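Chains as they are written, first to last, in full-length UniProt numbering: chain E, 1 to 205; chain U, 1 to 205.
Keep in mind the hints are simulated off the structure, nothing from the lab. You may find that some hints are simply not true.
Because identical chains cannot be distinguished in the list, a pair is counted as satisfied if it fits within a single copy or across any two copies.
[Stated by the list, open to error] For lysine-lysine, the following BS3-like pairs were computed, each having C-alpha atoms within a straight-line distance of at most 30 angstroms:
no., residue 1, residue 2
1, K142, K123
2, K142, K38
3, K134, K93
4, K2, K142
5, K134, K123
On a predicted model such as this, the values are computed, not experimentally measured, just so you know.
Protein chains: 2
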Amino acid sequence: MKIYETKTAPNPRRVRMFLAEKGIDESQVEYVQVDIQKGENLSAEMRAKNPLGKIPILELDDGTCIAETDAICTYFEAIHPEPSLLGSTPIEKATISMWQRQVEMALMLQVGMCFQHTTGYFKDRMVPVPEYGKEAGINASKYFNILERRLELNEFIAGDTFSIADITALCAIDFARVVDIRIKDEQTNLQRWYDNVSSRASAKA
Amino acid sequence: MKIYETKTAPNPRRVRMFLAEKGIDESQVEYVQVDIQKGENLSAEMRAKNPLGKIPILELDDGTCIAETDAICTYFEAIHPEPSLLGSTPIEKATISMWQRQVEMALMLQVGMCFQHTTGYFKDRMVPVPEYGKEAGINASKYFNILERRLELNEFIAGDTFSIADITALCAIDFARVVDIRIKDEQTNLQRWYDNVSSRASAKA
Chain E
1 MKIYETKTAP NPRRVRMFLA EKGIDESQVE YVQVDIQKGE NLSAEMRAKN PLGKIPILEL
61 DDGTCIAETD AICTYFEAIH PEPSLLGSTP IEKATISMWQ RQVEMALMLQ VGMCFQHTTG
121 YFKDRMVPVP EYGKEAGINA SKYFNILERR LELNEFIAGD TFSIADITAL CAIDFARVVD
181 IRIKDEQTNL QRWYDNVSSR ASAKA
Chain U
1 MKIYETKTAP NPRRVRMFLA EKGIDESQVE YVQVDIQKGE NLSAEMRAKN PLGKIPILEL
61 DDGTCIAETD AICTYFEAIH PEPSLLGSTP IEKATISMWQ RQVEMALMLQ VGMCFQHTTG
121 YFKDRMVPVP EYGKEAGINA SKYFNILERR LELNEFIAGD TFSIADITAL CAIDFARVVD
181 IRIKDEQTNL QRWYDNVSSR ASAKA
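With the hints as constraints, model all of the structure from the sequences given.
So, in structure tokens, the structure goes:
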């Protein structure tokens, strides 16, 4: 199987890190680079694989294509359940899903909107609204405070165990540097978590 | 168990419809109304249940709280697997997850952003950027075209079988009326799907 991705983009990193945690390496998955700045992801060929024209995309050997980071991770969790990154019991699954979603919507998405709307990186294909980009950046900064409080009482974001929500948060926080949003000195619990998760071998995937 | 919700809001409707499809009724779940226009969701008590201060929230009998529509549905799918709305095989799970996510991000979220940023409904708690709201509305309209093409070849959004992605799309399309985005006369496949899904008993939940 193949994964179409862009090595430097945050969502493909989430997939690579997820697969590294599962012990799935490049002998099992071929990575195909797509230049999103040049718009290679918007070609008719790529839109046939994903109607939204975004990466990453998983292409199975029978030609089935799965887009969306979360969906790709859902596939690998199903075929390779251990170690579990989406939870085992109903409460674990729901708690991880909650935090994964909140980190995505209130952090990763906000950083992405801040980047796209304040830098004009994709201005050939969207209308940047800088005022909205600034609001998105403020939203992302506020979510750092929520994570700080959460990590005061929990080792990992969804609780006692490393999960997909930690992968998403790490990739979002590293991506946030491009819009100059960083962990503050007083966010000591978030920094402790960040140092811990960054030191995993998968963080280099 | 309890679900904190607002009867008229689109995300709580997704949860009610999901539970109706599962045959879970008000003898099993107590619904507690929260007035989001008055900001009741932003109280310290509600933020202790969900740090983002949003509804719906599922509260289990032991006090565990699960926020986020998708996470609540994940919980009920785990404790009540039939009929499956999230898929059974790895490919089904991944395909439904993909479409669910795309309908959420490219339709529901865009309609929500159009509503919040063009009407100023929540202007006591956020800074509306009308120019961005208009862009979000255009994005939502474009996604109707993607659904029209998808439903030319498939009975339901994720394929041959009704799934959570159909629930999300129905609730998003009905919600889109508040910003005057509607199915166009030429979108005959989308209209056929809409009439079919709207006629399910769960659509009235």
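Structure-based check of all given hints:
1. Taking the shortest alpha-carbon separations for K142 and K123, both the intra-copy value of 27 angstroms and the inter-copy value of 18 angstroms come in at or below 30 angstroms.
2. Only between protomers do K142 and K38 lie at most 30 angstroms apart by alpha-carbon distance; the minimum there is 22 angstroms, versus 33 angstroms within a single protomer.
3. Neither within a single protomer nor between protomers do K134 and K93 lie at most 30 angstroms apart by alpha-carbon distance, with minima of 34 angstroms and 36 angstroms respectively.
4. Taking identical chains as interchangeable, the C-alpha atoms of K2 and K142 lie at most 30 angstroms apart only when they sit on different chains, with a minimum of 29 angstroms there against 37 angstroms within one chain.
5. Proximity of K134 and K123 under a CA criterion of 30 angstroms is satisfied in both settings, with 16 angstroms inside one chain copy and 16 angstroms between copies.
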